[in-house]
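My request is simple: use the sequences and hints to build the entire structure.
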Amino acid sequence: MEVASCSIPDDTALACFRDSGEYTHAEAAESLIPDQEKVDARELARLAMDRPSLTPERAFWLIDLWIRVQALVLRPFGVKPNTMRSTRDQPLPTVGERLGPYEVFEASEREVLLGDTDKLLEHRMSFIVADGKAYIGVVLRTRNKAGEDYWNQFRHNQTEILHWSLRRGLSRALGDDDIAAQAR
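At position 101 of the sequence shown the residue is numbered 119 (my numbering), and the sequence of numbers has no breaks.
Derived by calculation from the structure, the hints in this document are not laboratory data.
Computed beta-carbon distance windows for the label pairs:
{"hint": "1", "residue 1": "Leu83", "residue 2": "Gln176", "range": "20 to 28 angstroms"}
{"hint": "2", "residue 1": "Lys163", "residue 2": "Glu127", "range": "36 to 44 angstroms"}
{"hint": "3", "residue 1": "Asp194", "residue 2": "Lys163", "range": "38 to 46 angstroms"}
{"hint": "4", "residue 1": "His174", "residue 2": "Gly150", "range": "30 to 38 angstroms"}
{"hint": "5", "residue 1": "Glu20", "residue 2": "Val91", "range": "34 to 42 angstroms"}
Using 25 angstroms as the maximum straight-line C-alpha spacing, the simulated SDA-like pairs for lysine to any residue come out as follows:
{"hint": "6", "residue 1": "Lys56", "residue 2": "Asp107"}
{"hint": "7", "residue 1": "Lys137", "residue 2": "Arg116"}
{"hint": "8", "residue 1": "Lys137", "residue 2": "Ala164"}
{"hint": "9", "residue 1": "Lys137", "residue 2": "His174"}
{"hint": "10", "residue 1": "Lys56", "residue 2": "Gln108"}
{"hint": "11", "residue 1": "Lys137", "residue 2": "Gln171"}
{"hint": "12", "residue 1": "Lys151", "residue 2": "Pro109"}
{"hint": "13", "residue 1": "Lys163", "residue 2": "Ser38"}
{"hint": "14", "residue 1": "Lys56", "residue 2": "Met19"}
{"hint": "15", "residue 1": "Lys56", "residue 2": "Gly150"}
{"hint": "16", "residue 1": "Lys151", "residue 2": "Ser189"}
{"hint": "17", "residue 1": "Lys137", "residue 2": "Lys163"}
{"hint": "18", "residue 1": "Lys137", "residue 2": "Phe123"}
{"hint": "19", "residue 1": "Lys163", "residue 2": "His174"}
{"hint": "20", "residue 1": "Lys137", "residue 2": "Arg161"}
{"hint": "21", "residue 1": "Lys137", "residue 2": "Glu124"}
{"hint": "22", "residue 1": "Lys137", "residue 2": "Gly165"}
{"hint": "23", "residue 1": "Lys137", "residue 2": "Trp169"}
{"hint": "24", "residue 1": "Lys56", "residue 2": "Asp28"}
{"hint": "25", "residue 1": "Lys56", "residue 2": "Pro109"}
{"hint": "26", "residue 1": "Lys151", "residue 2": "Ala44"}
{"hint": "27", "residue 1": "Lys151", "residue 2": "Gln176"}
{"hint": "28", "residue 1": "Lys163", "residue 2": "Phe95"}
{"hint": "29", "residue 1": "Lys163", "residue 2": "Leu90"}
{"hint": "30", "residue 1": "Lys151", "residue 2": "Glu45"}
{"hint": "31", "residue 1": "Lys151", "residue 2": "Gly193"}
{"hint": "32", "residue 1": "Lys56", "residue 2": "Ala22"}
{"hint": "33", "residue 1": "Lys151", "residue 2": "Leu110"}
{"hint": "34", "residue 1": "Lys151", "residue 2": "Ile26"}
{"hint": "35", "residue 1": "Lys137", "residue 2": "Tyr41"}
{"hint": "36", "residue 1": "Lys56", "residue 2": "Val21"}
{"hint": "37", "residue 1": "Lys137", "residue 2": "Asp167"}
{"hint": "38", "residue 1": "Lys137", "residue 2": "Ala44"}
{"hint": "39", "residue 1": "Lys137", "residue 2": "Glu166"}
{"hint": "40", "residue 1": "Lys151", "residue 2": "His43"}
Even for Gly, the Cβ is constructed at its ideal location relative to N, Cα and C.
Encoded structure:
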């Protein structure tokens, strides 16, 4: 499955967020959806967000532990709880609920907009299905020096994480277990 970097599609909630103010980082990735296949952005988001990106299965227990510690340590900074656990599937995204570490702002067959705002960052991520393609995109605004320092810790892997997440989520949505296994 080919995944390539692209611009954030216009006429999306993510593009509106990007255009509403200055941002630190914005990027997207896309992949063609095979003919005759129907993919729903809600299912794509659920399948892509069911576990941490780039984490080998044997380390899931460590990530689960980290998520619990993170909730305790980062709560004073306004970071909200992460619903991601290796032992349970994520639900379909619902506006106002959480999907993994993010609040769901919009959820339709065409686009799911997720994100959070805390003392460090304002972050939005979108899963989009349009014109025979599936997209994932992010827009990030740092809110202060501490936010910039936090962003600098993981920005080098952002493109790889986007490509990996789209490949894994789309291959699972299409029922292609071979590609999904390779994306692990």
